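A.B. asks: These are the residues of each chain, in order.
There are 2 protein chains.
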Amino acid sequence: MNSASRYSLPALGHNPSSARQGTTPGSFANPPEVGGPRTFSSPDTPGMPAPSDKTAWDFMPADWRRSSDGRRLAVSVRPELAPANAYAYEPPAGFEPITQLEFARLGQITPEMRRVAEREPHLSAEEIRDEIAAGRMVIPANRIHLANRLDPMAIGRASRTKVNANMGASPISSGTHEEVEKLRWAERWEADTVMDLSTGGDVEKTREAICRAATVPIGTVPIYSMILGRKIEELDASCVLETLKRQAEQGVDYFTIHAGVRRAHLPFVSKRLIGIVSRGGSLLAKWMIHHEQENLMAQIWDDICELVRQYDVTFSIGDGLRPGGLADATDAAQLGELEALGELTERAWRHGCQVMIEGPGHVPFDQIEFNMKLQRRLCHGAPFYVLGPLVTDMFPGYDHITSAIGATAAAYHGAAMLCYVTPKEHLGLPKKDDVKQGCVAYKIAAHAADVALGIPSARDRDDELTKARAALNWEKHFELSFDPDLARAYHDEDLDVDTDFCAMCGHDWCSVRISKEIGIFVSGKDADYQWDKPKISAALNPAQREILIQRGVLSPAEVHRLASKTKTVMGATGQKAACHSDVVDDSAAQHLQAERLDPLTLEPIEPVIEDVRA
Amino acid sequence: MNSASRYSLPALGHNPSSARQGTTPGSFANPPEVGGPRTFSSPDTPGMPAPSDKTAWDFMPADWRRSSDGRRLAVSVRPELAPANAYAYEPPAGFEPITQLEFARLGQITPEMRRVAEREPHLSAEEIRDEIAAGRMVIPANRIHLANRLDPMAIGRASRTKVNANMGASPISSGTHEEVEKLRWAERWEADTVMDLSTGGDVEKTREAICRAATVPIGTVPIYSMILGRKIEELDASCVLETLKRQAEQGVDYFTIHAGVRRAHLPFVSKRLIGIVSRGGSLLAKWMIHHEQENLMAQIWDDICELVRQYDVTFSIGDGLRPGGLADATDAAQLGELEALGELTERAWRHGCQVMIEGPGHVPFDQIEFNMKLQRRLCHGAPFYVLGPLVTDMFPGYDHITSAIGATAAAYHGAAMLCYVTPKEHLGLPKKDDVKQGCVAYKIAAHAADVALGIPSARDRDDELTKARAALNWEKHFELSFDPDLARAYHDEDLDVDTDFCAMCGHDWCSVRISKEIGIFVSGKDADYQWDKPKISAALNPAQREILIQRGVLSPAEVHRLASKTKTVMGATGQKAACHSDVVDDSAAQHLQAERLDPLTLEPIEPVIEDVRA
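Top line first, the protein sequences correspond to chains P and F. Sequential numbering from 1 applies to the first sequence in my numbering. Sequential numbering from 1 applies to the second sequence in my numbering.
Extracted from the complex, chain P is given alone in its bound form (with noise of 0.2 Å):
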């Protein structure tokens, strides 16, 4: 039968390897239309919401006028996809650009765009400039914190999805130093931004550390610190601003508010099974109630606007009703209050303010994708930043896998920025390996995604690693992991020898090995990929040492003996190991497999390894 008649391959997108290595057909995800609104996207399923016509070069400030000579900016690779009404403006007299966003409508590239563009090699300075003007993507970058140590990056469907860390000290506080500590581990873990969420403590001196040592911009929910030692209810528009004023001064990067909530909303809530789940948008709930008034931070913002401006604070504005149960995902409090976010974002627009929306939460798989589509046309392309979204709410404890599903999905459908979610979630404050779980699973999804997408050159790493492993080459293998100390560790907690098989299926069972032996397949056969001979492998490092006291499967003395070994006290010689397929018999293979511990009993061999290591 004929394969052309049978099936044919959709449409494909564009190859996610620099190098095209091996053999798949490339993304099926659509071709990248950077300078349009679809930048990085997924083909849509029938119903979706197509994305908005417009940008954010719709919603010019008022006393911007357009050049006389009619001369176009923001050009695209296509430019039917260009954005209407990017033609160049005459700011009023006096103007001086302080945002990004107004540099990008003035046309000019900064040195952030320029970083960006460093980082961020498939984009140019000037794609980011015009990703920028368009309102598609942000860099957020407080003046203040340029000056210290912020490294630029940027936020946008254009650019690689971004991992946010939550961090922050409960009312039971921990010190500065420790804060400053976890910042050091979720920047270690790979985090591209820190959301300081303290609500303890010395919030402010706290603040000021994290802002101070932070390589990666940092984020704040600023009515946390709106409420410290004062009821909601007692909440007014100067104690908004001036504590926007000092966490700006401050040097924070993006602020949560929660403008969009509204008193029209919250009978629709009342239908919910869980409410309001986010801090700051029952706070503001409760306000409006109380005051029975509108949300006082829409009432006031213009004002917010203005000020965050002065800094160059970027508006991350919140979803205060997203939901909180599967039950509760897509419906009308949380698709109203998506219409408001739209308009706040034409509103700081119009002041020159960089805007990101942030989203959901928990929402069934089947519903992320118009989920994020939605957003995509309300908000005109704004980046979505959102939280997971959990994909199920039963399994409290592993909610860093349920969300890691539901997020991978998101970016791939248009999410910019994951927050991350770690195990403790809805149980109680992270602790240090929470965090890096919560990481790790969060830089698996955006990657995966980018991958998805056919972002150029994301693939790379995950080639090179499979190199390795068609090759049998454990130490490159390790190096290309992303955690290399735990791909490490569980390797040799089995078997501490490299050599051509694992001990997963041993030697006479490792399909990689038998496929290398079959000539014509040329598997593992890359020459920078080759090893020498089998070699006892490194003593483990301390970080490697504790995973495996962790697992608790080897006794102490083992963990110990894999510690302390050393390549000569193993009679190991020479610095290269081999992975070819004929460099061990079989019954070397048998002993070298012999002398570790039984992997299936759980329980060390203590006589064997005693024997053997003697």
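Calculated directly from the structure, the hints in this document are not laboratory data. In this text the structure is predicted, and so the values were computed from the model without any measurement. Be careful, since some hints might not be right.
If chains are identical, the list can't say which one is meant, so a pair holds when it fits in one copy or spans any two.
List of simulated lysine-lysine pairs, DSS-like, C-alpha gap at most 30 Å [to be verified]:
1. Lys432 x Lys565
2. Lys436 x Lys205
3. Lys271 x Lys436
4. Lys476 x Lys271
5. Lys476 x Lys565
6. Lys432 x Lys476
7. Lys476 x Lys436
8. Lys476 x Lys286
9. Lys565 x Lys54
10. Lys245 x Lys565
11. Lys54 x Lys432
12. Lys286 x Lys271
13. Lys231 x Lys286
14. Lys205 x Lys245
15. Lys245 x Lys476
16. Lys476 x Lys54
17. Lys245 x Lys286
18. Lys205 x Lys565
19. Lys436 x Lys231
Add chain F to chain P, keeping to what the hints say.
C.D. replies: What follows is chain F alone, placed relative to chain P:
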């Protein structure tokens, strides 16, 4: 601005909540079409292959004759969806049905079909029979295993998504007893089937013991036994058939047989980054190259069919050419094999055998839908049983997460069973905790897909848990969790008092608590979920204690205290405790929080604890 003009909801499928609780509009998947080719299905993005217009009714045994009365079987709720050619047939004289497929073709409902209908109440026994007759569902139930302890279950996209857990001894094997323990552990974490992949120890005795002990179907890859003590090159037809017969007599419920790898596919493999990663596939490739013959399994396929039919062993036709990295996904080798799997399916159906198909592996997120829908087309709806797939290669040590992401998408787009991947994948043999982690990650994936597909009542437990969460009813929250011990332990790590907040936000910052205070929301007011008073939680049980010890956050003394506390010791009174927002005033809340450890420094605040607990 009017919502209706700005967007509309996509066409809606079935609401997965039996009570339609909450405010979500319902599933965005296609409406159910049980009886037709789409049963429960995701909407197609452009370019996806349509379902096959054939079913198992189109591949009847040559000696069955259509009844002269022209009566139709296998009617659907919507007659236009019912399979073509689902007419009443007359088998040859003296024919005795053995397999579930044969009974279904004769219009008979077996006790196993009835049992499945009990376990999956959204389907009637008649619907199950008709799905089986169409080839879209299997009940893997060897008649010998049925005579032991097997509790029949079904695999097919009309039923809930199933999860398989792999186990098995390596060449340094554990004993039979340990393998049975591992079986029990996988059943404890709700694996729906278990594959015994033993390649070492007394594999015969182990398999026998597992088949006797298992209440879930057992699968094997019989080629592993065929080459014990024999080189792959020595494999011949009689060895294959003898091994299959022996395992069938032991009660194995399904066999993975890699009959789809063909000589014509091997040239495609040579261009791959990582050749063949299936053990069975690599062995048979080696056999074909050595003998310069077509795949032995394919050569004797009809004999194999006749043999397995006698026991009603279900085929799980293996994908020996599944990709081993993103770079090799959806390539000519993989799709060529998939076509061969379709032809093997047709032939097996003609012999009356039940069939499912195995699938990849490593597949970028964007390519998953196509892979699932192409299988549905080429294999005429035979259930798809996939391994993951992993959506990135560069996170070894976390592949239960990388693959649970792919598995959710796979099930949503059509896969019927998900083979778990553990954190040890690619690195070594899974230990007991890895088995648990793999099972949990895959139960998440399976469940999330069932909710997304709109399978009736799939969301009920999520909704119940959300209601408990809204009421801040911790006991119910934990009871409804998939892993109650873990959830309880994580909660008590910070705050071993069940009250109307948790340590994540603390009393003043609990949005759920605030939401409850806002009278009009009526959040968490369900009468069944109300408690009266805060109470000290129960002492940690051994499992919970173990979880906290392994986390390593608390001091041993602190874990001991949590494990030995009792209500009376802690001064709590009564059996009920409350989660009303107004039962704990601010100062009491501060006190409850302060008497626990500092969750941020990760150090126990021993003096404070002593003061309070003394």
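A.B. asks: Each hint: holds or not?
C.D. replies: Hint check:
For a Cα distance limit of 30 Å, the shortest separation of Lys432 from Lys565 qualifies both inside one copy, at 29 Å, and across copies, at 26 Å. Only within a single protomer do Lys436 and Lys205 lie at most 30 Å apart by alpha-carbon distance; the minimum there is 25 Å, versus 43 Å between protomers. In this homomeric assembly, Lys271 and Lys436 never come within 30 Å of each other (Cα to Cα): the closest approach is 37 Å inside a single copy and 37 Å across copies. With identical chains, the CA atoms of Lys476 and Lys271 are at most 30 Å apart between copies only, with a shortest distance of 21 Å across copies and 55 Å within one.
Taking identical chains as interchangeable, the C-alpha atoms of Lys476 and Lys565 lie at most 30 Å apart only when both belong to the same chain, with a minimum of 20 Å there against 50 Å between chains. Both within a single protomer and between protomers do Lys432 and Lys476 lie at most 30 Å apart by alpha-carbon distance, with minima of 28 Å and 28 Å respectively. Taking CA atoms no more than 30 Å apart as the test, Lys476 paired with Lys436 passes in both settings, with 23 Å inside one copy and 29 Å between copies. When the C-alpha separation of Lys476 and Lys286 is checked against a cutoff of 30 Å, the pair qualifies only between copies, where the shortest distance is 27 Å, while the shortest distance within a copy is 56 Å.
In this assembly of identical chains, Lys565 and Lys54 lie within 30 Å of each other by CA distance neither inside one copy nor across copies; the values are 64 Å within and 62 Å between. For a Cα distance limit of 30 Å, the shortest separation of Lys245 from Lys565 qualifies neither inside one copy, at 57 Å, nor across copies, at 48 Å. For the identical chains of this complex, Lys54 and Lys432 are neighbours neither inside a copy (43 Å) nor across copies (55 Å), given an alpha-carbon limit of 30 Å. Within a single copy, Lys286 and Lys271 get their C-alpha atoms as close as 17 Å, which meets the 30 Å cut-off; across copies the closest is 63 Å, which misses it.
In the homo-oligomer, the alpha carbons of Lys231 and Lys286 lie at most 30 Å apart inside one protomer (10 Å), although the nearest pairing across protomers, at 75 Å, exceeds that limit. For the homomeric pair Lys205 and Lys245, the shortest alpha-carbon distance inside one copy (15 Å) is at most 30 Å, but the shortest distance between copies (74 Å) is not. Neither within a single protomer nor between protomers do Lys245 and Lys476 lie at most 30 Å apart by alpha-carbon distance, with minima of 49 Å and 44 Å respectively. For a Cα distance limit of 30 Å, the shortest separation of Lys476 from Lys54 qualifies neither inside one copy, at 48 Å, nor across copies, at 48 Å.
Taking the closest pair of Cα atoms, Lys245 and Lys286 come within 30 Å of each other only inside a single copy of the chain (24 Å); across copies the shortest separation is 71 Å, beyond that limit. Within a single copy, Lys205 and Lys565 get their C-alpha atoms no closer than 45 Å, and across copies no closer than 38 Å, so neither meets the 30 Å cut-off. Proximity of Lys436 and Lys231 under a CA criterion of 30 Å is satisfied in neither setting, with 35 Å inside one chain copy and 46 Å between copies.
Comparing the model with each numbered hint stated earlier shows that hints 3, 9, 10, 11, 15, 16, 18, 19 do not hold.
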